[in-house]
Amino acid sequence: MGNFIGKSVKRKEDVRFLTGKGRYTDDIKLPGMTHAAFVRSPYAHAKILNIDTSAALRAEGVVAIFTGSDECGNYGVPCGWQVNFKNGETMREPQQPLLAKGKVRYVGEAVAIVIAETLEQARDAAELVEVDYEELPAVTNPKEAMQDGAPLVHDQWPDNRAFDWCIGNDRAEVEKALASAHHVTELEYVNQRLAPNAIEPRSYIADYNVAEDKWTLYTSTQNPHLIRLLLCAFALGIPEHKVRVVSYDVGGGFGSKIFHYTQEALLTWVTKQIGRPVKWTADRSEAFLTDAHGRDHVVKAKMGFDKEGKIVALLADEYCAMGAYLSTFAPAIPTYLHGTLFQGLYTTPLIHLDVTAPFTHTVPVDAYRGAGRPEATYLLERLIETGAKEMGMDPADIRFKNFIPAFDGVNQPGYQTQVALQYDSGNYAPVLKRALEMVDYENFRKEQAEARKQGKLLGIGISTYIEACGIAPSAVVGALGARAGLYEVGEVRVQPTGKVSIYTGSHAHGQGHETTFAQIVADKLGISIEDVEIIHGDSEQSAFGMGTYGSRSLAVGGSAIVKSIEKVLEKGAKIAAHKLEAAVEDLEYADGKWTVKGTDKSISFGDVALTAYVPHDYPEGVEPGLDFSSFYDPVNFTYPFGAHIAVVEVCPDTGKVTLKRFVTCDDVGNVINPMIVDGQVHGGVVQGIGQALLEGVVYDENGQMVSGSYMDYAMPRADDVPMIETDRTVTPCPHNPLGVKGAGEAGTIGATPAVVNAVVDALWHLGVRDIAMPLTPARVWAAMQGKS
Amino acid sequence: MIPAKFDYVRAGSVSEAIALLDKYGDEAKLLSGGHSLIPAMKLRLNRPAVLIDIGHLSELKSITEEGDEVVVGANCTHKQIATSELIASQASVLAEAARTIGDVQVRNRGTIGGSLAHADPAADYPAALLAAEAQIEVEGKNGRRKIPAADFFQGMYTTALADDEVVVAVRLPKGSQGTYEKFFQPASRFAIVGVAVVKRNGGVQVGITGASDTPYRATAVEQAYAEKGVDAAELAAEGVDMMEDHFADAAYRAHLAKVLTRKALA
Ligand SMILES: Cc1cc2nc3c(=O)[nH]c(=O)nc-3n(C[C@H](O)[C@H](O)[C@H](O)COP(=O)(O)OP(=O)(O)OC[C@H]3O[C@@H](n4cnc5c(N)ncnc54)[C@H](O)[C@@H]3O)c2cc1C
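Heads up: the sequence lines are chains L and R, in that order.
Sequential numbering from 181 applies to the first sequence in this note's numbering.
Sequential numbering from 14 applies to the second sequence in this note's numbering.
Don't read these hints as lab results, they were simulated from the structure.
Any given hint could turn out to be false.
[Stated by the list, open to error] Only pairs whose alpha carbons sit at most 20 Å apart, straight line, appear in this in silico PhoX-like list of lysine-lysine: (1) L:Lys-266 x L:Lys-227; (2) L:Lys-581 x L:Lys-569; (3) R:Lys-276 x L:Lys-836; (4) L:Lys-636 x R:Lys-276.
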């Protein structure tokens, strides 16, 4: 209707970010604020024999020191998602204590907290805390953790198993289909552990106010309300209405700031003990050691095909690391956010996944951009690509053969998968067609053959993906084990002058909500975008919201706002009708005013707003004010999809991979701001490339992290990636008012297998079939020597 | 990322720096560009009680000719070295190496003296200095001495420099024209392997860094070059223990040494 939806409006929040005026937690300095430093375990697994804090307590500036033997040692943070064993038993759920008690279970686990007047003093004193450990053997690899005799993470569970789980058709049936398949492709690989690396390290300030008996927690979180609930009701047992959780600007999360971390609860406990505010900000080393990691699946998978290349069955067994404790959403990631995507875009009739999720002597593993879906896409896309090549088929053709036929979810029903989900709407062939066109696929094969003659190794790799976004509806996720609802709330508060304040329960940490949401509001109300302010990140301003992850903000949070706008317009029309002395039915709303149809009699949005707050001449039976709040709980997830294609060149001498091109055609439903969607795709693709070529958390045999700094953990940089060429098709979501599907994770989900497929394609004629990620030059070269 | 407490002294001259080193003993560390020392201090891997700042001393900042040598002051930044006309025309191998170090900020701050004293096994200069047969000039209580590059580097973070000595200059024979081939470690962008070659009097001099825990002269390559030409590169890892890490195992480092040597010889 208006002028904003679909336009690349520049991001309103960028002025603040780019001029250093952001309001990050670490920027906040409260009067009397103290600083915390942690004493951390140098061992992956050890008994704590003794902690001597006497020297540290005498150090300059020290306010207090606490260990697991203090009262805080009795508290722990909860897990927010319950997965049951195949036999119905509940998962094993160790309490993650606020400070280690008796034992440490990963390198970096906090053993003591030191509070001092300054950060320097806290750090110095932390070094004076003497801890006697008895080191014990450790296991960090999820498959090894399940072997007989593996060191135990929790003594009470003698096989390290947190849970096992399966989804899909009957395993025996799937195995039977594989046994009689024309061709079976099998891969065994590791989807490696990644560190999330948000640019802003985690940061918290807890402030207890004696006069009001109230706490304020400033936290770099993706979901302030959920943190408040977990903190109050589960971790500390303090009254929820006495706690305000604030997270203004957050410098990236990628999932790692969804979770309720022990430090949030611990600082909230500490501030009351010492009667002063206390701040802690992770340094980069602590971020590597203690932010929840992503991925870490050890996989064995088989895909069976018939003669024509149609997939007849898919079977996978995975060991998925949980880490030492269950982080907030950890159990959901390799299960409900992973196995449920095994249908992909294909008509595969028989699917089965078995997951074993062990504890390991590592930092917990949880959601990281894409969360379970990149791992699913990697599995499907590596298998189908390899299958095509093994059968001498074209990797693009085989995908077209297997695509689910188009359905719009309105005239045709949604597509029921073998793995619980029902896709909303989809039209899969066009995205791949378009991506092939963009990359000039036909010509590429000629170019590749030509290049090979000159000793150059070019390769092309395709990946098509589907994801489940806009995580909800509450009843469904509840049935799947979520211990929270997954609706969203949006309040539209129209001010007397007609300016509009929007309170959303979703949370922006780089996504540009302040612009996208404002575009929707300005568009629907026909007002200027400058007249709209988006407010988020304060539990005392917005009603109880669910935060941002799983590409849910626009589809769920945006829809809640739309519902409220509709209510505003409905009530506004009554006021307008009264002022215009007309019937509501005779009014139309456009360009920010109500007009009596067929006349020039009109009243502006601003005048109606003023009337609502100065109700002197006012319709009978209508309440003053123009302020509506709505909760939106969608009927289904949304299902964006797309095709990514990578073109690579491999150096024959060194094995170094150079990305020549990266092409995407995504379908994220309707698009509010194309520039922001492109940005999300760019960032996501680069993270996906990072996993394929560069990144990986490495633990040594003692459980020490050897990749705990930017000297040892390779992040993608601008010169590692080519210009990313993006395009889109639009298949609207049939079940939300905006028709949007979500775009936050698509890039990461699609990119990784495209790159690996491309490298394997470049080397296929040398006998290379698979290379372990990240595809370092050393690994690629070894594979070229037949040593992979 | 906060260092332990330390005191800071600004030395007024090299001799004052030496006197201060003598006074504080192993409590003290010299500070020049701070681009190796400060990161290590922030991680508390290094915790000197006193920093003796020599970074501003202009007596160590010049690049001059002395007879047959180009003399590069210890305080010269990587940027200065990469852009010096004298070095480009008389010791280009050094500029080639300097160009590949870190990023703009690092090159603007980091110095050759600091890099040599620090002796990171993956640092770039050592390859160039070995290939050029450079000498490292140091000054201590008992005056100055010149240490051939081949004797200076003794192991990982270990050099022939005594505790109370200051690196004052690097002396390269004129005509140290050559190339530097570097394979970047993707995270740190130091060298996984770096190979410098100087061609002189019909022969070649080859220095290799990153491959082993101590940078080395590839003498086997040099000896075979007359007969085998670039194929002598196959001997680049001969008799040397290669390092290993999660970016590159020993076999790959040995392979890279050969590939890069071949490229540098060509
Ligand atoms: C992000 C980053 C990337 C980098 N990339 C590279 C790279 O690609 N290749 C590479 O080679 N290096 C790299 N470096 C290291 C860089 O070159 C450093 O500048 C150099 O190693 C040290 O020089 P400095 O002047 O900064 O020394 P400082 O850090 O000040 O000192 C280093 C050590 O040398 C001692 N010292 C300093 N000056 C003298 C002297 N005159 N006499 C005796 N001892 C002295 C100090 O006491 C200290 O122990 C990188 C550094 C950073 C931070």
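Going through the hints against the structure:
1. Between Lys-266 of chain L and Lys-227 of chain L, the direct Cα distance comes to roughly 33 Å. Violation of the 20 Å bound is thereby established for this hinted pair.
2. Between the alpha carbons of Lys-581 of chain L and Lys-569 of chain L the distance comes to roughly 15 Å, so the proposed pair stays at or under 20 Å and holds.
3. Restraint check for Lys-276 of chain R and Lys-836 of chain L: satisfied, since their Cα atoms lie roughly 15 Å apart, inside the 20 Å limit.
4. A hinted pair counts as satisfied when its Cα atoms are at most 20 Å apart, and Lys-636 of chain L with Lys-276 of chain R qualifies at roughly 17 Å.
Violated hints amount to a single one, hint 1; each of the other numbered hints is respected by the structure.
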